[in-house]
Amino acid sequence: MNDEKTRESRVFVPLNQRFGHPHTWPNVVGYLVRPLADMPCLSWFWFSRYCQPITDKDLQDCDPHKFPDEFYFNQNGQQHLVSFRFRYALDCNRRVEFEQAAAHIFERHGCIPRYFRKYSLIGDLGNDRFTAIEARRLRRSELVRDLVHTTSRLVLHALQESDAAGNYSFEDNAFDVPHHLICNITEKPG
Numbered sequence: 001m002n003d004e005k006t007r008e009s010r011v012f013v014p015l016n017q018r019f020g021h022p023h024t025w026p027n028v029v030g031y032l033v034r035p036l037a038d039m040p041c042l043s044w045f046w047f048s049r050y051c052q053p054i055t056d057k058d059l060q061d062c063d064p065h066k067f068p069d070e071f072y073f074n075q076n077g078q079q080h081l082v083s084f085r086f087r088y089a090l091d092c093n094r095r096v097e098f099e100q101a102a103a104h105i106f107e108r109h110g111c112i113p114r115y116f117r118k119y120s121l122i123g124d125l126g127n128d129r130f131t132a133i134e135a136r137r138l139r140r141s142e143l144v145r146d147l148v149h150t151t152s153r154l155v156l157h158a159l160q161e162s163d164a165a166g167n168y169s170f171e172d173n174a175f176d177v178p179h180h181l182i183c184n185i186t187e188k189p190g
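So for the sequence shown, my numbering puts the first residue at 1; every next one is plus one.
Within a straight-line C-alpha distance of at most 16 Å, the following computed EDC-like cross-link-like pairs (lysine to aspartate or glutamate) qualify: (1) Lys118 with Glu8; (2) Lys66 with Asp56; (3) Lys118 with Glu99.
Restraint ranges, calculated between C-beta atoms of paired labels, are given here: (4) Gln160 with Ala135: 41 to 47 Å; (5) Ser43 with Arg108: 24 to 30 Å; (6) Ala135 with Thr186: 20 to 26 Å; (7) Arg153 with Thr186: 17 to 23 Å; (8) Gln160 with Thr55: 31 to 37 Å; (9) Asn76 with Asp163: 27 to 33 Å; (10) Leu143 with Phe73: 34 to 40 Å; (11) Tyr115 with Val148: 18 to 24 Å; (12) Ser162 with Ala135: 46 to 52 Å; (13) Arg136 with Pro40: 31 to 37 Å; (14) Lys66 with Val177: 39 to 45 Å; (15) Tyr115 with Arg94: 14 to 20 Å.
For the record, the hints were derived by calculation from the structure and aren't laboratory data.
Treat the numbers as computed from the prediction; the structure is a model and nothing was measured.
Where is the CB? At the ideal position from N, CA and C, for every residue including glycine.
Please model the complete structure; the sequences and the hints are all you need to start from.
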């Protein structure tokens with residue numbers, strides 16, 4: 001796996017009109033993720049969302065106290081931030097162009113991209129949270145990557161076009177049965 005082409009980005013989202021509740025996640029997917037997924041050279045990608053208190057250790061890659069006011073929301077008396085991560089692998093030598101285009105998309109919508117950096121597939125999806133057996137780490141990380149890549153593609157496929165106000169939504173029934181099937185297959189409660 002070429003580390004130069006296996007990357008991740010973290011993006012903080014302002015909670016303004018476009019990304020305000022209740023449209024935050026569908027609009028993030030529609031305005032920010034979908035254009036990335038449509039870009040050439042992606043061999044795989046996956047994305048995930050985060051709503052974290054500014055005291056969270058996961059925010060050590062930035063100073064969570066220095067964002068403009070529109071990035072914070074209050075939950076149980078504590079300030080939180082909304083962000084998403086986009087992990088991806090490129091099958092071409094256009095990393096710089098891809099990341100410049102991605103940064104332009106994020107900034108055009110008032111978001112703050114924190115980084116574009118190397119991503120360790122095994123370190124993330126093959127670590128102790130996924131398997132304790134050393135010999136399985138590479139294959140497990142690839143299997144989990146395929147699962148989250150397919151899930152991310154399903155989320156994009158379930159995205160409905162924006163309404164007259166510019167807000168996206170997801171099909172009502174797009175995720176319930178797949179979630180149920182995964183629970184049945186894994187014998188885990190859903």
